[in-house]
Amino acid sequence: MGTDSMPAPQGIQTGLDRTAAVSRPGTYLELVHSWIVTVDHKRLGILYICYALVFLLVAGAEALMIRIQLFFPHNDFVSPYTFNRLFTMHGTTMVFLVGMPILFGFGNYLVPLMIGARDMAFPRLNAFSFWISAFAGLLLYYSFIGGVGLYGTGSAPDVAWFAYAPLTEKAFSPGHSTDYWAVAILANGIGSIGTAINILATVFCMRCKGMTLSRLPLLPWLYATVSFLVLVAVSPLTAAQAMLLIDRYLGGHFFDTQMGGSAILWAHFFWIFGHPEVYVLVLPAFAFANEIIPVFSRKAIFGYPAMVAASVGIGFISLGVWAHHMFTIGMTSFGNAFFTLSTMLVSIPTGIKTFNWLATLWGGKIRFQTPMLFSIAFLFQWVIAGLTGIMLSVSAWNWQLHNSYFVVAHFHYVLVGAIVFMIFAAIYYWYPKMTGRMLDERLGKLHFWLMVIGFHMTFDVMHFPGLLGMPRQIFTYEPDRGWTLLNQIVSVGGFIQAIAVLVLVYNLVHSYFKGVLAGPDPWDAWTLEWATTSPPPAYNFVVDPVVASRRPLWDLKHPEDPDSAFE
Amino acid sequence: MFVLGITGLIFIGVSSLLVYAIVKFRARKGDTTEPPQVFGSMQIELSWTIIPILIIVVLFLTTTRVLFSVQDAPKPKDALDVIVVGHQFWWEFRYPQYNVVTANELHLPVSSKDEPRPAFMKLTSADVMHSFWVPQLDGKTDLLPNRVNEMWIDPRETGLYLGQCAQFCGPEHAKMLLRVYVDTPEQFNAWITSQQRTQAELTAVPGGLQAGANDTAPNVGNEAGVVQAATTKAPPNSPTTRGNVTPALGESQAISAQTGQYVFEHEACISCHTVAGTVATGRYGPDLTHLMSRETIASGAVPNTKENLLSWINDPSQMKPGSLMPAMHLSDRQNQQITAYLMTLK
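Those sequence lines, one after another, are chains Y and U. At the far end of the first sequence sits residue 611, using the numbering used here, and the numbering has no gaps. At the far end of the second sequence sits residue 348, using the numbering used here, and the numbering has no gaps.
Worth double-checking, as some hints may not be accurate.
Only pairs whose alpha carbons sit at most 25 Å apart, straight line, appear in this in silico DSS-like list of lysine-lysine [said to hold, decoys possible]:
#1 U:LYS308 <-> U:LYS348
#2 Y:LYS253 <-> Y:LYS601
#3 Y:LYS489 <-> Y:LYS558
#4 U:LYS26 <-> U:LYS77
#5 U:LYS31 <-> Y:LYS409
#6 Y:LYS409 <-> U:LYS26
#7 Y:LYS409 <-> Y:LYS489
#8 U:LYS31 <-> Y:LYS489
#9 Y:LYS409 <-> Y:LYS601
#10 U:LYS79 <-> U:LYS115
#11 Y:LYS601 <-> U:LYS77
#12 U:LYS79 <-> U:LYS124
#13 U:LYS124 <-> U:LYS77
#14 Y:LYS489 <-> U:LYS26
For the record, the hints were derived by calculation from the structure and aren't laboratory data.
Required output: the full structure, derived from the provided sequences and hints.
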């Protein structure tokens, strides 16, 4: 697109002439170099997503090893030490190296496009945030070969992902594995905070002409909420890591109970990060649902103002619920009652969102393509996850179920059933935008059904060993407890999910070369990212877009019935 | 149950709406028109905001009622006091009212409506965080170093209840098992007396090398005809104490309780273990005074048999990798001697 194509209209028609300007024969070295030095939000977004997918495979493999070990009681597939490293690394990786990067990746890619901007507010900060997060991931995994643990070389962290004090103190974790963990989380936190600042600045300062806050698509709204949460919640975690390192190396006693420190202090620090973190992960999943469900129902989102209010409300309430992870730690009855109430309150805005999605489906003409299939499964699973969440918020139940496999099943329902399913939906939905080619629909449906079957086998069944008294994070169990068969079903389901993910990986690679060309707007959607080519040029939009409603492309496609007439 | 009912109803309601919507409003083949665009409805949205709020209020009130009744329950006069101390990776139980200490297997009297005998427990930890969980008796309560938590149990039926540590505490977290025996009042009193009795007798003869073998040595047999004097109650400083007899015992090849006790008290065992009434007063490991009254060793990991004891003493980390008890690298003979001694600690 040279200077001679100045009067390009809206960009929709320019879908297929992307090759001319972009591709110039270059060596592989130049290609790699251009990706490393890039400050383009789209390339950084893709880097984030690829980085997260690699770690998804790694952490998935760790989960499978956990499941093999638990297949039989008294199994010795791995040693207790290895098992403890596996679940610590699985949890830490999935949250910090898969969940956050992939969601930041989509945010990076989509937020500027959806608000009609040409890049993030701080492109260099953006690159810095990605690379320091990448460094954190490598650092964490370097501990497998570089860490000198108590039991010889090669010692990954083995203190569980919440790393409760005082197990992490020098007295109980003398090796370096815990240091790798703390420094990696600290570095990752710096990256997350950088990205959060960037997204906030972008959403509030870079919107195109006509895009008032009340016309802002829901995805950028939710990403702004998430970024606010990251700023508030990740900072205490980063501080806690610094305190832990001071304890370990400078003779501090914050969490050192042998010297009068407090184990509960760590729990507070960790969970005031840890619970908002759940919403940091789940709000982007909501954001994807907010974009995908209307498009495939062919209706505008139901109750946009309520959706915005509910999302921001979830953001605020989620800052006041952290101690529901600590009902058994010995709080006063008043404290327990307070956190029961605040936790239950979260269900009100989440309920509003769920009903609004249902109402969006209602009266629509629903198309069941792969992104929508994942979204519907998400809705269903989200309802279940929410309801088991209410059960757990009842502190009397919680005393029984806390730290049991019921809790493991509950949060995997949220993390996999809601978040991972919506990430898959988002991959199918925006892959055409990112690569210019569609993902294969048949492989997509195969992926979906395998995933649904595997997911329900694993995580529905997983509730029951918890009800029967199986605590989490145990490397083996006794044969006489009646947990064996349940654990075997769970393990088999895990392997089915693994196959599903491999189908996705194959689809991603295969379709990159062989997929059907997508064109600028394959889903007949309504937000601004579909107004430019697929993939978009480095500058996103030839002409700065001007919008008059929440669905600028609807207005364009239906001049007889524009949204702008109703706003 | 109430909670389950409410959440179950919500689930059925919402998911049937979802299924209905998916089936009813699916796109028909060949239909390319767009459906009517609806942007929202204040009334409907208000209704699904207010109804959940009402449900939450009900749930919250019922929860707090249970919460306060459990957490702030007054302690009855004749409640049993138990102190639970978590260790990596075993449980220490103390009965301050009876001056009894045991490990891993908690005995409680059954409680009934007419004769309530709840156990009020104070929980703390010697090292890292643990959590006391016997699902069929009560919810869990964490054990924290530098802090005392409280909980109570009111067991209504006799029997054996299994539980385990529910807070990740290190390599052997999975084998920090827990057994609670709920006994009839008679059984419980008999148990307490037996735990006290030998202890009382033993402490009556302080410093006695022989004391441990007191009434039990005959069970083990003295194959090599080891000094019988050891089994009689010798006053301290009598010619048969340490100065005279022990060297003979130490060199003895015999596998007996006496030689075992000698090895036990002259190796590192006593730095960590207590056998009340002897020089063994260590506090780091489980109290062994009445070891043979327990059905399991290694915190419920294996049954308490001679073979298991032997293999445990030989190398604890084979049975329980990560156990803090080191392999002492004793000879096979010494291991057998110690086992013979331990087998006498009824």
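Given pair status - U:LYS115, U:LYS79, alpha carbons within 25 Å: 15 Å, holds
Straight-line alpha-carbon gap U:LYS26 to U:LYS77, limit 25 Å: It is violated: about 60 Å lies between the C-alpha atoms, which goes past 25 Å.
Restraint check for U:LYS31 with Y:LYS409, where alpha carbons must lie at most 25 Å apart: 10 Å, holds
Satisfaction of hint between U:LYS26 and Y:LYS409, Cα-Cα up to 25 Å: 9 Å, holds
25 Å limit on alpha-carbon distance, applied to hinted pair Y:LYS409 and Y:LYS601: 18 Å, holds
Hinted pair Y:LYS489 and U:LYS26, Cα distance within 25 Å: Distance of about 21 Å is within 25 Å: holds.
Holds or violated: Y:LYS489 to Y:LYS558, with C-alpha atoms at most 25 Å apart: With Cα atoms ~18 Å apart, Y:LYS489 and Y:LYS558 stay inside 25 Å; holds.
Hint consistency between Y:LYS601 and U:LYS77 [alpha-carbon to alpha-carbon, up to 25 Å]: 73 Å, violated
Given pair status - U:LYS77, U:LYS124, alpha carbons within 25 Å: 12 Å, holds
Given hint U:LYS348 paired with U:LYS308 - CA-CA distance at most 25 Å: 13 Å, holds
Hinted pair U:LYS31 and Y:LYS489, Cα distance within 25 Å: It holds: about 19 Å lies between the C-alpha atoms, which stays within 25 Å.
Holds or violated: Y:LYS409 to Y:LYS489, with C-alpha atoms at most 25 Å apart: Distance of about 20 Å is within 25 Å: holds.
The structure does not agree with the numbered hints 4, 11 stated previously, though it agrees with the rest.
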